[in-house]
Amino acid sequence: MIKVVGLKKSYGRLEALKSISFEVEKGSVFGFIGLNGAGKTTTMNILTGLIRFNGGKIFIKGKDFLKNKQELIRTIGYLPETPTFYNYMNAYEYLNFIARIIGCDLKKTRKSVGKLLEMIKLTKHGKRRIGGYSRGMKQRLALAVAFMNSPEILFLDEPASALDPEGRVEMLELIESLKDDKITIFLSTHILNDAERVCDKICIIDEGKILLTKNLSQLYETYIQPIFDVEFEEDPEEAVNSLKKLSWIESIKENGRRISIYVKDIDHAKKEILKEISKLNTNVTSYQIRKSTLEDIFMRMVSKNEII
Amino acid sequence: MIHITVIDINFIITEILRLLPFFIPIIIIQYGLMIFALVQLFRNEAAYLPKWGWALIIIFFGIIGPVVFLIVGKKKEIEND
Amino acid sequence: MRSFKAYFKKEILESVRGNKYLILFVGTIFWALMDPLMLKLLPLILKNYLPADLIVLFSTFNRDTAFQTFLNDLFQIGTIIIALTLMGLLSNEVSLKKLVFPYSRGASPAGVVLAKYIHYTITISLFILIAFLTNYFYINRLFTGGMLSIEIALKSSLLYILYYSVLLSILLYFSSLFKRGLIAGISVLVLGYSLSIFNQFETIRVYLPNYLLFKAADIGHIFDNSLIPTVIISFCIIILLVFFSILRMKKIDVA
Ligand SMILES: Nc1ncnc2c1ncn2[C@@H]1O[C@H](COP(=O)(O)OP(=O)(O)O)[C@@H](O)[C@H]1O
Ligand SMILES: [Mg+2]
Chain A
117 MIKVVGLKKS YGRLEALKSI SFEVEKGSVF GFIGLNGAGK TTTMNILTGL
167 IRFNGGKIFI KGKDFLKNKQ ELIRTIGYLP ETPTFYNYMN AYEYLNFIAR
217 IIGCDLKKTR KSVGKLLEMI KLTKHGKRRI GGYSRGMKQR LALAVAFMNS
267 PEILFLDEPA SALDPEGRVE MLELIESLKD DKITIFLSTH ILNDAERVCD
317 KICIIDEGKI LLTKNLSQLY ETYIQPIFDV EFEEDPEEAV NSLKKLSWIE
367 SIKENGRRIS IYVKDIDHAK KEILKEISKL NTNVTSYQIR KSTLEDIFMR
417 MVSKNEII
Chain B
-12 MIHITVIDIN FIITEILRLL PFFIPIIIIQ YGLMIFALVQ LFRNEAAYLP
38 KWGWALIIIF FGIIGPVVFL IVGKKKEIEN D
Chain C
27 MRSFKAYFKK EILESVRGNK YLILFVGTIF WALMDPLMLK LLPLILKNYL
77 PADLIVLFST FNRDTAFQTF LNDLFQIGTI IIALTLMGLL SNEVSLKKLV
127 FPYSRGASPA GVVLAKYIHY TITISLFILI AFLTNYFYIN RLFTGGMLSI
177 EIALKSSLLY ILYYSVLLSI LLYFSSLFKR GLIAGISVLV LGYSLSIFNQ
227 FETIRVYLPN YLLFKAADIG HIFDNSLIPT VIISFCIIIL LVFFSILRMK
277 KIDVA
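Chains A, B and C, in that order, are what the protein sequence lines are.
Heads up: the first sequence begins at 117 in this note's numbering, then just goes up one per residue.
Heads up: the second sequence begins at -12 in this note's numbering, then just goes up one per residue.
Heads up: the third sequence begins at 27 in this note's numbering, then just goes up one per residue.
Hints may be right or wrong, so weigh each one.
[Unchecked claim] Distance windows between CB atoms, simulated: (1) A:237 / C:31: 48 to 58 Å; (2) B:39 / A:419: 51 to 61 Å; (3) A:374 / B:31: 31 to 41 Å; (4) C:209 / A:252: 34 to 44 Å; (5) B:-1 / C:265: 48 to 58 Å; (6) B:11 / C:216: 49 to 59 Å; (7) B:48 / A:244: 33 to 43 Å; (8) C:173 / B:31: 44 to 54 Å.
[What the hints assert, rightly or not] Reference listing, derived: stretches of chain C covered by chain B, where coverage requires no fewer than 3 residues with Cβ under 8 Å from a Cβ of chain B: (9) 52 to 61; (10) 65 to 71; (11) 142 to 156; (12) 160 to 172; (13) 249 to 263.
Just so you know, the hints here were simulated from the structure itself, not pulled from any lab data.
Even glycine gets a Cβ: it sits at the ideal position worked out from N, Cα and C.
Could you put the whole structure together from the sequences, leaning on the hints where they help?
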């Protein structure tokens, strides 16, 4: 559905995107994950045709995006990070304005504008000026704009970040419900729980580079390394130093008296780790094997990248 | 000398009375706009100056005051987010 | 065409709610009413305070000179009001990121630019026409002498309308170039005023739009052949600048 090859973007001297490539399959939910400033919004602005880029190719539905922009853009809906409206309009007027631009049949539109307002629970406030809306109400209105005329591809840039917990759950449920339709969703977020819940495929971006693109199930298979959480009675400084020398231990994350040990070979580790700990001359208060979550994978990917 | 001045004043008064109807549209525009600007000032946020400052400008600067207020002083809903 | 209609309606709504119609209307009509009255009243009020020769100067106003005074004031003040009211025409849309949704839903830059240009050209033309007619009516009631006629007033208003159409296209283009509307507005003001200086030079003035203003005040010979190059050039400027604005809005980053 979307294919990006070697995409580059610079803001002056800052290279925001350093030749990124990925592919999004039709009907899937693509989770685009990265810390603040990683380049998520930049990528989405490029894919929705709002800003230019410096190199690379984009194909949407198999067609060159630059050459068929006007045609392709009609199949896209975009929920930007901070949506802006004409604040002197009310929700009805703004939705009708967008409907006119899309070129929907206005009779159908009036019905669907009403339906959209119901869907985002703004019917009561439909006649109030948008300027007076709260951040969350604007976010929901923005979703209605993005969703108007049922686009084939929906770009959602951190859709839940401005919402209260309840709204966040609703947003996720909405995305999940859309999954049944033949709609492709490109979702950027830094909230990993959300991504884990709704995405089929995960793409991790950091400092303008793609670190990994994998199906969520595949991701768990390859990266599903249990993590060994060990808690000591005293500061484990020495223990960490001697454990780090072992070849089968990949890395150790320290968090006060608690350490998380990442290993290369799980089976070997399961046998050896207790032996090694008992060799250390310290008291252990707890020992636990934990399944890694997306968050663990993400943290490992991003911090590895830092070392390189 | 005095006599002439008296005639002049009479003449001026009749002239002004004759011109009076011509002033009506101007007065309507001027005061209508002033009142409109003051209402807008009360209802909206003001930019750059405190509200009383804008009120003085609207009232004492003739037609220019309300126009300047409406162009720069009224925080446009278009611009705030 | 879809975007044109959508934006035309949007500009109407914005002009109503942002008081733009009101400001532009007052900014043009007020001088049409005020100027003749002031010219009539000042000599009366000042009669006892000023030396006789100065009073004579005031009293020599006939219908033609009163009309010319209005033309001059309309240019001076009308230009400021138009420039300041409409300076954000495109720059605000871009810098405040208002185009993100419309562009992402396929709005055409040509539609957006044309809707804005045509909407405000029609608005200003209409207000200028009303101002000229009102002024003509007032002058006829208050002054005598001169050769001013309704036909002359209409011809003159036509030149003013063309002039402001040119000015609006310059404003439109500057507004697409600069991030800040104020810079566009002030540039247009400086350009508009400074070009009037060239009206003293007979050889080049016919190639500059401000010659339209000069001829509009040339009662008796408003339409003559000297206007041909000016009119042609004016239309060329409009077409080119609207075209460049569209190009610019096609290329510009709106997010
Ligand atoms: N308009 C801009 N001008 C200059 N730098 C920008 C601009 N937009 C984004 N950046 C920079 O590009 C990088 C990526 O930003 P962004 O795509 O917004 O990240 P994310 O959405 O992942 O938080 C950041 O370092 C940011 O500072
Ligand atoms: Mg972002």
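Any hints from earlier that this structure breaks? Give me their numbers in increasing order, please.
Of the numbered hints given earlier, those the structure breaks are 1, 3, 6, 11 and 13, listed in rising order.
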